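Whole structure, please, built from the sequences with the hints as guidance.
Top to bottom, those sequences are chains A and B. The opening residue of the first sequence carries number 1 in the numbering used here; numbering runs sequentially from there. The opening residue of the second sequence carries number 46 in the numbering used here; numbering runs sequentially from there.
What the hints contain is simulated information worked out from the structure, not anything from laboratory work. A couple of the hints might just be wrong.
Unchecked claim - Residues from chain B that face chain A, not an exhaustive set, calculated with beta carbons under 8 Å:
| no. | residue |
| --- | --- |
| 1 | 162 |
| 2 | 291 |
| 3 | 390 |
| 4 | 421 |
| 5 | 423 |
What the hints assert, rightly or not - Ranges of calculated distance between the beta carbons of each label pair, as one might list FRET restraints:
| no. | chain 1 | residue 1 | chain 2 | residue 2 | range |
| --- | --- | --- | --- | --- | --- |
| 6 | B | 242 | A | 10 | 33 to 41 Å |
| 7 | A | 10 | B | 292 | 22 to 30 Å |
| 8 | B | 359 | A | 10 | 37 to 45 Å |
What the hints assert, rightly or not - Computed footprint of chain A on chain B; a stretch qualifies when at least three of its residues, placed anywhere within it, have a C-beta under 8 Å from a C-beta of chain A:
| no. | region |
| --- | --- |
| 9 | 221-233 |
| 10 | 314-327 |
| 11 | 425-436 |
If you're wondering where the values come from, they're calculated on a predicted model, not measured in any experiment. Cβ atoms here follow ideal geometry from the backbone N, Cα and C, with glycine treated the same way.
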Amino acid sequence: MIRIFTFFCASLVIMLAYANYQGYVFSNIFSSQSHAAQSSNHYHK
Amino acid sequence: MAGNPVKSFSCPACGGIVEIHAVGHTISAVCAHCSTLIDTANDHFKIIRKEHEASRDTDIPIGAKGVLDSIKWEVIGYVEKKDKSSLSFWEEYLLFNPYFGFRFLIQSDGHWNLATITKRYFPLAGSASELELDGEKFSVYCRGESVVEYVKGEFYWRVRKGDEEKYVDYIAPPKMLSVEKNKQEVTESLAEYIEPEIIEKAFAVGLHGKTGIAANQPAPFAGKLGKIWKIASLSILAAFIIQWSMGSGTLVNNTRINIAQNDKEKNYSTAVFNLPRRSNLSVRSSAPLSNNWMELELSLVNESSNETYQSRQVIEYYSGYEDGESWSEGGQIAESTFSAIPEGNYRLVIDPSSGLLGSSDVSMEIKRNVPAWGNFWIIFLCIIVFPVFALLYRWSFESRRWENSDYAPAIYQSGESDD
Numbered sequence: 001m002i003r004i005f006t007f008f009c010a011s012l013v014i015m016l017a018y019a020n021y022q023g024y025v026f027s028n029i030f031s032s033q034s035h036a037a038q039s040s041n042h043y044h045k
Numbered sequence: 046m047a048g049n050p051v052k053s054f055s056c057p058a059c060g061g062i063v064e065i066h067a068v069g070h071t072i073s074a075v076c077a078h079c080s081t082l083i084d085t086a087n088d089h090f091k092i093i094r095k096e097h098e099a100s101r102d103t104d105i106p107i108g109a110k111g112v113l114d115s116i117k118w119e120v121i122g123y124v125e126k127k128d129k130s131s132l133s134f135w136e137e138y139l140l141f142n143p144y145f146g147f148r149f150l151i152q153s154d155g156h157w158n159l160a161t162i163t164k165r166y167f168p169l170a171g172s173a174s175e176l177e178l179d180g181e182k183f184s185v186y187c188r189g190e191s192v193v194e195y196v197k198g199e200f201y202w203r204v205r206k207g208d209e210e211k212y213v214d215y216i217a218p219p220k221m222l223s224v225e226k227n228k229q230e231v232t233e234s235l236a237e238y239i240e241p242e243i244i245e246k247a248f249a250v251g252l253h254g255k256t257g258i259a260a261n262q263p264a265p266f267a268g269k270l271g272k273i274w275k276i277a278s279l280s281i282l283a284a285f286i287i288q289w290s291m292g293s294g295t296l297v298n299n300t301r302i303n304i305a306q307n308d309k310e311k312n313y314s315t316a317v318f319n320l321p322r323r324s325n326l327s328v329r330s331s332a333p334l335s336n337n338w339m340e341l342e343l344s345l346v347n348e349s350s351n352e353t354y355q356s357r358q359v360i361e362y363y364s365g366y367e368d369g370e371s372w373s374e375g376g377q378i379a380e381s382t383f384s385a386i387p388e389g390n391y392r393l394v395i396d397p398s399s400g401l402l403g404s405s406d407v408s409m410e411i412k413r414n415v416p417a418w419g420n421f422w423i424i425f426l427c428i429i430v431f432p433v434f435a436l437l438y439r440w441s442f443e444s445r446r447w448e449n450s451d452y453a454p455a456i457y458q459s460g461e462s463d464d
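Quick look at the structure:
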């Protein structure tokens, strides 16, 4: 049990380091940030 | 146990055959046929107490053999006792091995203990609230007076139905130190909790299930709780250092735009800025609004692919004076973060809407690689949930252990009163 918990904690810490380096924001999984590919330059007004 | 001599004789009461297994040790035996107690200290086999009671079946039969702790034991005696005040019952099986002597298997509410008589002397045994044995502290759990209800088999001491003695149990789970006093002697025994499955396997018997929590039943996470909290603390510290080392982010763009009421159809755009590697992007907008609101639809547009990432901000601030008190709600700042934006050149397109009558300046500060402390707190919660569960479960277990005791430590007392 101790080994499993140690592995679990280590995995979380590594995940945090990787997410921070890559710029992932966990809370945005549930937020309104959306992502869309545009086929035309719609915003050049 | 091969070669263990067995002595047999006829019961002086009923004539049935009585066998003695612990020859040279046994001084009293109960006839399996009529339950008469016989003096076996010598070959006269005098009747100590005559009975006409049919022998009862026991969970582990007399004569059963089993291996516990790599030693082969034979069950030679059985005593059933009752607490005089609580009326709770327990059973004591006497085990014998000619090379290792005697042990006791004690059963109460389906919980089992393997006990041995200690040769230690405890001057304050019985009256003390705490005893120490080999550096281990035993806390008093219960005091009471027992009476023998039923006897079967053979014994190295005189035991008969109705015998009474005072007892005190001290616990240091999974161990229990019991002090028993009668008119003749004081006996101290050290017991260790043993799972019923081990007994079932050793003696090839089926036993009743456990009920409740035994006085010295090992607690869940026993000996591991400290390690669990140590690992959790170190992991949280490591996570904090990782989060803290991110600094405060790098400014990539600073823009001020003026939004007028009649410009509702107009979009605003920042200058192009570069993200040198994949990172998050924070947009912090502030507007000196008063009793008004503003909504900003944000579109982060990749210059080469036109791929867009969208977000929305609402700035609203209201204040006033009512019933002699001033009040305010909302704020003049909004912040949102784009997650994991790939490297490249970007610009931010702002599509505003507001309840403005005039115009308002909006300052926008765009930073990359900002520390997302929400990430840390989510990891913190994931790490801490198991240690907290283990701690609460352990506390609940200990509370239930001590609810049957009059000597519960203050932390495990329920606080209920009898009045």
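A quick look at each hint next to the structure:
1. 162: Constraint on residue 162 (chain B) not satisfied, violated at 36 Å.
2. 291: With a minimum Cβ separation of about 6 Å from chain A (threshold 8 Å), the hint on residue 291 (chain B) holds.
3. 390: With a closest approach of 14 Å, the residue 390 (chain B) hint is violated.
4. 421: With a minimum Cβ separation of about 7 Å from chain A (threshold 8 Å), the hint on residue 421 (chain B) holds.
5. 423: holds, 5 Å
6. B:242 x A:10: 33 to 41 Å: holds, 34 Å
7. A:10 x B:292: 22 to 30 Å: Given about 24 Å between the Cβ atoms, the range holds.
8. B:359 x A:10: 37 to 45 Å: holds, 40 Å
9. 221-233: violated (count 0)
10. 314-327: Our answer is that it holds, as 5 residues pass the Cβ test (under 8 Å) against chain A, meeting three.
11. 425-436: Holds, because 3 residues of the region 425-436 of chain B bring their Cβ atoms closer than 8 Å to Cβ atoms of chain A.
The structure is inconsistent with the numbered hints 1, 3 and 9, although it conforms to all the rest.
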